[in-house]
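Peer 1: One-letter residues, chain by chain:
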Amino acid sequence: MDIPLESTIGSWAFPRDEPGKLAGRPLEEWNAAYGKVESYFNALCVRNKVLLGQLVIHVLKRAMARAPAEPHRSATELAVEELDRVVTDWFAQVLQVPAEGADPLLSTRGRLALLLADMPGKWQDQFLRPGPWPDQFVNAMRQAYLRSGPDFQLSQMSPREFDLGPITTLTKFSRLPYVKMVMVWATFALLLILIFYLTH
Amino acid sequence: MQPVLTESAPRKPTPAHVGIVPVRPPKRGLRVFFFFSSAVVLTGAVSLLFADLLWRTGWSASRTVLLVLFVILFLLAAIGCMQGLYGFVLRILGDRHRITLMTDYHERSIAGTSTALLFPICNEDVVRVFGGLRATYLSLAQTGELHRFDFFILSDSTEPNKWIEEERRWIELVRELGALGRVYYRRRLTNEDRKSGNIRDFLNVWGKRYRYFVVFDADSVMRGETLVTLVKLMEANPAVGLIQTVPGVVNASSLFGRIQQFANRFYTPLFITGLNFWAQGFANYWGHNAIIRTEPFMQHCDLPRLPGRKPFGGQILSHDFVEAALLLRANWQVWFAYDLEGSYEEAPQDMIANAQRDRRWCQGNLQHALVMFVRGLRGISRLHLLFGVMGYLASPLWLAFLLTFNWIRLSHKFSGLSDITVRAFTPYLNLTATQHAFVVFMICMVVLLLPKCLALVELVFDTARRRAFGGLRCATASVLLETAFSALHAPLQMLWHTSFVVTSLLGGSVRWGGQRRLAGGVTWRTALRRHWWHMLIGLVWGGLIWWFDRPVFWWFTPVLAGMVLSVPLSVAVSNTRLGAHARALCLFLTPEEISTPPELAELQMRMVVKQKEPGREESLPDAGLAEAVLDPYVNAVHVSLLREKRLNPVYAAGLEKLGVGKPEIRAIAERLLMRGPGALSPQEKILVLNDADVMAWLHRQAWLRPTETLASWWQVALQRYTR
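Chains as they are written, first to last, in our numbering: chain A, 3 to 202; chain B, 327 to 1049.
Please note that the accuracy of each hint is not assured.
As the list claims (entries may be wrong) - Below, in silico cross-link-like pairs of lysine-lysine (DSS-like), each with a Cα-Cα straight-line distance of 27 Å or less:
#: 1; chain 1: B; residue 1: 1011; chain 2: B; residue 2: 988
#: 2; chain 1: A; residue 1: 51; chain 2: A; residue 2: 63
#: 3; chain 1: A; residue 1: 124; chain 2: B; residue 2: 936
#: 4; chain 1: A; residue 1: 23; chain 2: A; residue 2: 63
#: 5; chain 1: B; residue 1: 1011; chain 2: A; residue 2: 124
#: 6; chain 1: A; residue 1: 23; chain 2: A; residue 2: 124
Stated by the list, open to error - Sample of chain B residues lacking proximity to chain A, with all beta carbon distances greater than 10 Å (derived):
#: 7; residue: 517
#: 8; residue: 879
#: 9; residue: 883
#: 10; residue: 970
#: 11; residue: 980
FYI, nobody ran anything at the bench for these hints, they're computed from the structure.
By construction, the Cβ of each residue, glycine as well, lies at the ideal position given by its N, Cα and C atoms.
Based on the provided sequences and hints, a complete structural model is requested.
Peer 2: Below is the structure:
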C-alpha cells in the first residue's frame, strides 16, 4: 500500500464536480473532515508535517471515493470511518492478526504497541506505511504488552481475631508484663505519700 | 503474545529463607526498668514538691484533681526529657546496641533476594509521587542492584482525574526509564480497609514472590544505598521482622515547614537514640520507610476488625503500631535503624494542614486504647500503643489542668478568704510560696527544654554536625526561635487535639483522603475560618483571668498569645517567602539544605521541570475522563490495564460485582456521549471507567461520531487535539 504524494489539485477532482465542490460535497465539509482526521493523527503524536499531510490525504481520498455512493453521510463521517479502517487494517498487518474476525480490541492493542514501540519518537515514517517494515520496529510492535504486575502468586492472608479480654487478663495479674516494675513504682509512690503525710 | 519484560527480581524464596525460625529477642527488661524508673523518680520528686505547694494554701478536692493531672502530664514530659538525656549521653559515649552494629552486614550478598518497593497512594499529588519513585529508582540503579527490586504503585485513588493521571504518568515514567517489567501500576477496585487493605491486596497477589517489601509514603524518597543496606541487614539478622528507618523531613519551603523540618532534623537523633536505648529489638513501625520480612508479616499481621462501634470499634485506622505489636507477639524483632541516612519524607507546610493530618491520626491512635488490651501482646508494645494514645490525650489533660488551676483561683477569690500560706517543706527548703511556685515552674521548663539544650551542646562536640546545621550561631538562633514558635503553637495544638479527641469519642468519622503537602500559603480568609474559635477562646479566657486574677494573667500570656494571634500566625508561617527569607538569614538550616543529596536534587529538579509543563487537569472539568476516552494512547493503556485486571480472579469477581459488562453501562456511556459527564453521577463515571469494552467503544464513538452530535463538553475536549 504505497501512498503517492499527489501535488496537483487536479488529482482531487471528480468528473461530476461542480464548482465549489469536491466528490459532490462542499469544500467546507472536506475541510471539516480534514480537521477531524488531522486531529486524530495529532492525538497519535504524528508530528512531522509532511507525513501528517500524506496520511490525511490518503484517508480523505478513500473517503472521497466512497462519497458519491453514500450521499446521506457527511464527509467527516466517511473520513473518520476510513481512518478507523485504515488504521485497524494496518494494525492487523503489522501485528499479524487476521483482519477478518480480528480481536475487537485490536485497535487498543495496536495503539498500545505504537506507544511502547515509540512510534512517535522513532518510527513516524513507518506508521500506516505498507510492509515490509524494519525488523526492529516489527519486533517492538509485536512484543509490546503491558503488565500491571508480574505473574500472580495468589495467597490469602487471614486475620486472627483479637482476644480483648481485659478482665481475663486482670485475673491473671501476676502474669501481666512488667508487674514487678510497676509494683516497685507503686511502692515508691506510697513512700512519697507517706513522706507527705508525715511532714504536713 | 509473550510479554516484554526486563529481567525481574528472583521469584522464589531461597531455602535459607524458608528455614528461618524466629529467635526470641534478648531480654531488655533492665534497660526498660532503668529508663522508666528515671522518669518515675523525677516525676515523683517534682510531684511531691508540687503537692507541697498546693498544701500550703489549703487542700481541696480540686487540688487533688490538679495534682493527678500534674503527675500524668509531668510523667509524659519526663519520659521525653529522659529520652533526650539518654540519647545525648549515648551519642557522646557511643551506642553499640543498634541494629547496624550488631552484625557485620557490609559484605553480605543480597543475591537471591527479592524486594518489592510499595507506593500505596490515594488521590495524592501524582507528579510528586512519581518524582519520588523516579529519584529512588535512579539512586537504586547506581548501586548496581536494581534488578533485585521491583516497584509497585498501589493506587487506591477514587478521583477519576487522579486515576487517569496516575496511569499516564506511569507509562511516561516506564518509557522514560525503560522500566517496563520493573515499575508496575495497579489500582484496586475499591479501597477497602484503606492503606492496610491496599498492602494486604498486594501481598495476596504477589507477596509470595518477594522475601522483603519496603513501604513508602506518597512523599517518601529513599537512597538506593540505604535500601540495599536494609536488605543486607535483614539478611544478616534472620530473626528481625521489620526495620524502621527514621525519615528526615525535607523539601519544606514555607516558614512553618522549615521550622518543623529543622526540629525534626535537629532534635530527633537525640530522642530516637534514647528511644532505641529502651526499645532495642522491641521497636515500632511508623507505616513507611521501613523494610518488612514478607512471610511473617503475611502470617501474623492481617488485622481483624475491632468489635463495637466507633471510635474504638471497626477497622484499625493506625495499623502500623499494631502490625509491629503483632510481629513482636510472634517473637519477631523490630528495630529502629536510626543511624541510616538517606530516608526522607515531607511534612505539612502550614499549621492547618498539620492539624488536618493530626485529625486523621487521632482516631486511629485512640483506637489503640482498646488494642492495648489484646492478649498476648508484649508489654513494650502496650507502652508504644499507650504513648500513641497519650500523644493526643495529653492535650485535653493539659487543658483540664489549666482550667482546674483557674477554677481553684476563682473559687478562692469568691470564697472571701485571704491568702494564708502554711509551712510545709519550707523548713527544709526555706522558700516562700512564690519562690516555691517558681521552683516548680522552672523545673518544668528545664524538663521541657533540656533535650533542646542538649542537642545544641552536642553540636559543640560534633564539627561535622555543626557545619551541617550552618554553624553554632545559626543553630542557636534557630533553636531559640523554634522554641518561641512552639510556645505559640502548642496552645493551638492543645485546642485542636482536644476537639479531635472529643469529636472522635462522640463517634465523628475521619475522611482518609490525600494529604496536602505542598506549600500554597494560607489566606487570611482560610485562617479566619479555621482559627476564629481559637481567637475567641483566647480573648474570653484572657479577659476572665484579667478580671479575676490579674497576677496570674501574665503567667498565662504564652498560652493566650498563641490563641489570640492564631490568625496572623497561621498566615505568616505558611508563607514561602518568609521561609526563603529565614533561609537567607541562616535560620532553620538542615543538612539537606546545605548539601543536597543527589536523590533529593534529582527530585527537586524533576518537580521544577514538571511544574513548568502546561497543566491538563485544570482546563476542563473531568479532564481525566476526556483523556481516557479521547487520547489514543491513554485509552489504550487504560483499557489494557483493565483487561489484565480480569486475569486476577479476585478482581474479576469484583468487576462482576460492580456490574461491569452489563448493558446498563453501555447506556450510561451513551448518555456520557450525548450529555457529557455532568449527566453522570460520580459512581457512574467510575463504573464506565472500569469497563474495558465500554472504554474502547467510547474511544471509537467519540472520534467516529460527528462532533456536533456530541455534548458540547466533548467538542471542547476534542479541541485539545486540533493544531
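Peer 1: So, for every hint listed, does it hold in this structure?
Peer 2: Status of each hint after checking the structure:
Our distance criterion of 27 Å between C-alpha atoms is met by residue 1011(B) and residue 988(B), whose separation comes to about 15 Å. Taken as a hint, the residue 51(A) and residue 63(A) pair is honoured in the structure, with Cα atoms around 18 Å apart against an allowance of 27 Å. Distance restraint check for residue 124(A) and residue 936(B): the Cα-Cα separation of roughly 23 Å lies within the 27 Å cut-off, and the hinted pair is therefore satisfied. A hinted pair counts as satisfied when its Cα atoms are at most 27 Å apart, and residue 23(A) with residue 63(A) qualifies at roughly 14 Å.
A threshold of 27 Å between alpha carbons decides the hint, and for residue 1011(B) with residue 124(A) the separation of about 36 Å lies outside it, so the pair is violated. Only pairs whose Cα atoms come within 27 Å are accepted, and residue 23(A) paired with residue 124(A) is rejected, the gap being roughly 38 Å. Every C-beta of chain A lies more than 10 Å from that of residue 517(B), the closest at about 17 Å, which supports listing it as non-interface. Residue placement check: residue 879(B) keeps its beta carbon more than 10 Å from all beta carbons of chain A (closest about 30 Å).
For residue 883(B), the non-interface assignment is confirmed: its Cβ lies about 32 Å from the closest Cβ of chain A, beyond the 10 Å cut-off. Under the 10 Å C-beta cut-off, the non-interface status given to residue 970(B) relative to chain A is violated; the minimum distance is some 5 Å. With 10 Å as the threshold on Cβ separation, the claim that residue 980(B) sits away from chain A holds: the shortest Cβ distance comes to roughly 14 Å.
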